[in-house]
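One line per chain: the protein sequences are A and B, in this order.
Counting from 4, one number per residue, gives the positions in the first sequence under this note's numbering.
Counting from 382, one number per residue, gives the positions in the second sequence under this note's numbering.
Keep in mind that the hints were calculated from the coordinates and are not lab data.
Since this is a predicted model, take the numbers as computed values, not measurements.
Cβ atoms here follow ideal geometry from the backbone N, Cα and C, with glycine treated the same way.
Mixed in with the good hints there might be a few duds.
[Claimed, not checked] On the chain B side, residues computed to face chain A include the following (Cβ under 8 Å):
| hint | residue |
| --- | --- |
| 1 | S475 |
| 2 | N476 |
| 3 | I478 |
| 4 | M489 |
[Unchecked claim] Which stretches of chain A does chain B cover? Using the computed rule of at least three CB atoms under 8 Å from a CB of chain B, they are:
| hint | segment |
| --- | --- |
| 5 | 40-50 |
| 6 | 114-125 |
| 7 | 137-144 |
| 8 | 153-159 |
| 9 | 193-207 |
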Amino acid sequence: MTARPRAAVVGIGQTEFSKNSGRSELQLACEAAKSAIDDAGLTAADIEGTVTFTLDTNDELALIRSLGIEDLKWTSRTPFGGAGASATLQHAAAAVKSGAAEAVLIYRAFNERSGHRFGQPMQRLPSARTNLHEPYGLLTPPQVYALWYQRYMHAYGVTNADFGLYSVVARRNAATNPKAWFFGRPITIDDHQRSRWIVEPVLRLLDCCQESDGGVALVVTSEERARDLRHPVVAIEGAAQSSVVDGDMSFNYYGDDLTRFVEAEHTARRLWQTTGLVAADMDVAMIYENSSPVVFYQLEAYGFCGPGESRDFIAEGHIDLDGTIPVNPHGGLLGEAYIHGMNNILEAVRQLRGTSCNQVQGAQNVLVAAGRSAAILGRC
Amino acid sequence: MRVEPPVVVEEDRFFWDGVKEGLLLLRQCAQCGRLQHPPSPMCPTCGSLEWSVRQMSGRGTVHSWIVSHHPSEPDEAPRIAVVIDLDEGPRFVSNLIDCEPDGVLNDMPVEVVFVDVDSVRLPQFRPVSR
Chain A
4 MTARPRAAVV GIGQTEFSKN SGRSELQLAC EAAKSAIDDA GLTAADIEGT VTFTLDTNDE
64 LALIRSLGIE DLKWTSRTPF GGAGASATLQ HAAAAVKSGA AEAVLIYRAF NERSGHRFGQ
124 PMQRLPSART NLHEPYGLLT PPQVYALWYQ RYMHAYGVTN ADFGLYSVVA RRNAATNPKA
184 WFFGRPITID DHQRSRWIVE PVLRLLDCCQ ESDGGVALVV TSEERARDLR HPVVAIEGAA
244 QSSVVDGDMS FNYYGDDLTR FVEAEHTARR LWQTTGLVAA DMDVAMIYEN SSPVVFYQLE
304 AYGFCGPGES RDFIAEGHID LDGTIPVNPH GGLLGEAYIH GMNNILEAVR QLRGTSCNQV
364 QGAQNVLVAA GRSAAILGRC
Chain B
382 MRVEPPVVVE EDRFFWDGVK EGLLLLRQCA QCGRLQHPPS PMCPTCGSLE WSVRQMSGRG
442 TVHSWIVSHH PSEPDEAPRI AVVIDLDEGP RFVSNLIDCE PDGVLNDMPV EVVFVDVDSV
502 RLPQFRPVSR
């Protein structure tokens, strides 16, 4: 535990998660933001800063004009999509702790199924790097990431059926989460193995995250102010990022060792150093998974198990709700929804408030790992 | 097979010019000799903006691979996408041709071949015995 003044998450809000919201991305952002501000017991006038993704289409001025925020003192955005999800907490905490903004609204909202689908070819600006990848058939995120994961499979003798071990856990958790798209619809490993190939020999359909419509938002303020608000205090114990030379959004064909997620290793080290906490102190791990293999990489990067040990670690039940380190109790981005990783942060807050539908009893510290960014939230 | 022609930018013009001539050229720092792939405007080792090019032997091994189907054109023939370890050191993303998916092995030796694919000339690789 650190003695420094901390920032805290005091409000969370969301829309329903669907495949066709029937309304604009801006409206989804407004609804989620209003819900988070209400949850905090604050008003729009209390919000002094905003944080979102560079990829978010909702501009700050359009949002505050709808919410009725009169005068914004801080704006920032995190690059490269979902792997930076936890960086939003780092940005908001920096604003609060520096005094730049007393209360910060974090938001992310999109129609990522009924509008632009992330599972389709990516729209990236021309660059030497995209020119050297896309003509070879690396068009979609599953293709791009699978070419990284295949070396891991080769190195450790891991098969696609092994990756399915995670999919089964995620869908089992989602099955008992009424807000999850796959509520009431668990899968077996046989279902996984019967689903169609997306990228042979790495990813089947049931390894891939969803495409979802929806919005989520959080409100961050100081721990001191949080004590006067309505919910148990959920402190941002630490937040960290890593972007490395030769890295890309959240993959790297050019690094020394494709069986490791170096950015996640760096992020883990920074979190343990700045908080004094260790992997064994974590009661729950929220792990960003645009597809199942990246859970394997991150379990190893954060030291929950050793290199190449994730298959056995998952098979032995360690990440189950009653395991040693429950992972994604809400069902994750495979089972609940893909709101670019931000819905994972909401579940971390619910776990620490004790209000999750799949509650891990007595959760005190929750890791929110998103690849190139991560944070630890703790109940004070 | 559909290939969108690359929208050449300043940093990779030399590369695609080389491909037209049947040459696999990588950017090499004129000051410190670092091979920089994909190319960048500045050398991250020494800060130089001066570049030369170095021709690769075109030989290497398969580091990782996938079968790529076009996401919205199911009738398109699948391709094998690969990361190659070039003999000179750098990694290189490409396609593996003249090989069935069940014949691909990690670390198998390959050599470059220049192929016109959907009117775009691409350096691709094929298995070779060593």
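Taking the hints in turn, this is what the structure says about them:
Satisfaction of the interface hint for S475(B) is found here, the shortest Cβ-Cβ separation to chain A being roughly 6 Å, below the 8 Å cut-off. Given the 8 Å rule on beta carbons, the hint for N476(B) holds: about 5 Å separates it from the nearest Cβ of chain A. A cut of 8 Å between beta carbons decides the hint on I478(B): the least distance to chain A is about 11 Å, and the hint is violated. For M489(B), the interface hint is violated, the least distance from its beta-carbon to any beta-carbon of chain A being 11 Å, above 8 Å.
Figure legend: the segment 40-50 of chain A, annotated as covered by chain B; annotation inconsistent (0 residues with Cβ-Cβ distances under 8 Å, at least 3 required). For a cut-off of 8 Å, the count of residues in the segment 114-125 of chain A with a CB near a CB of chain B stands at 3, and the three-residue condition holds. Counting residues of the segment 137-144 of chain A whose CB lies closer than 8 Å to any CB of chain B gives 7, so the stated coverage by that chain holds, three being the minimum. Judged by the Cβ-Cβ criterion of 8 Å, the segment 153-159 of chain A is covered by chain B as claimed, because 3 of its residues qualify and three suffice.
With 5 residues bearing a CB less than 8 Å from a CB of chain B, the segment 193-207 of chain A meets the requirement of three and the coverage assertion stands.
Hints 3, 4, 5 from the list above are not met by this structure, while the remaining hints are.
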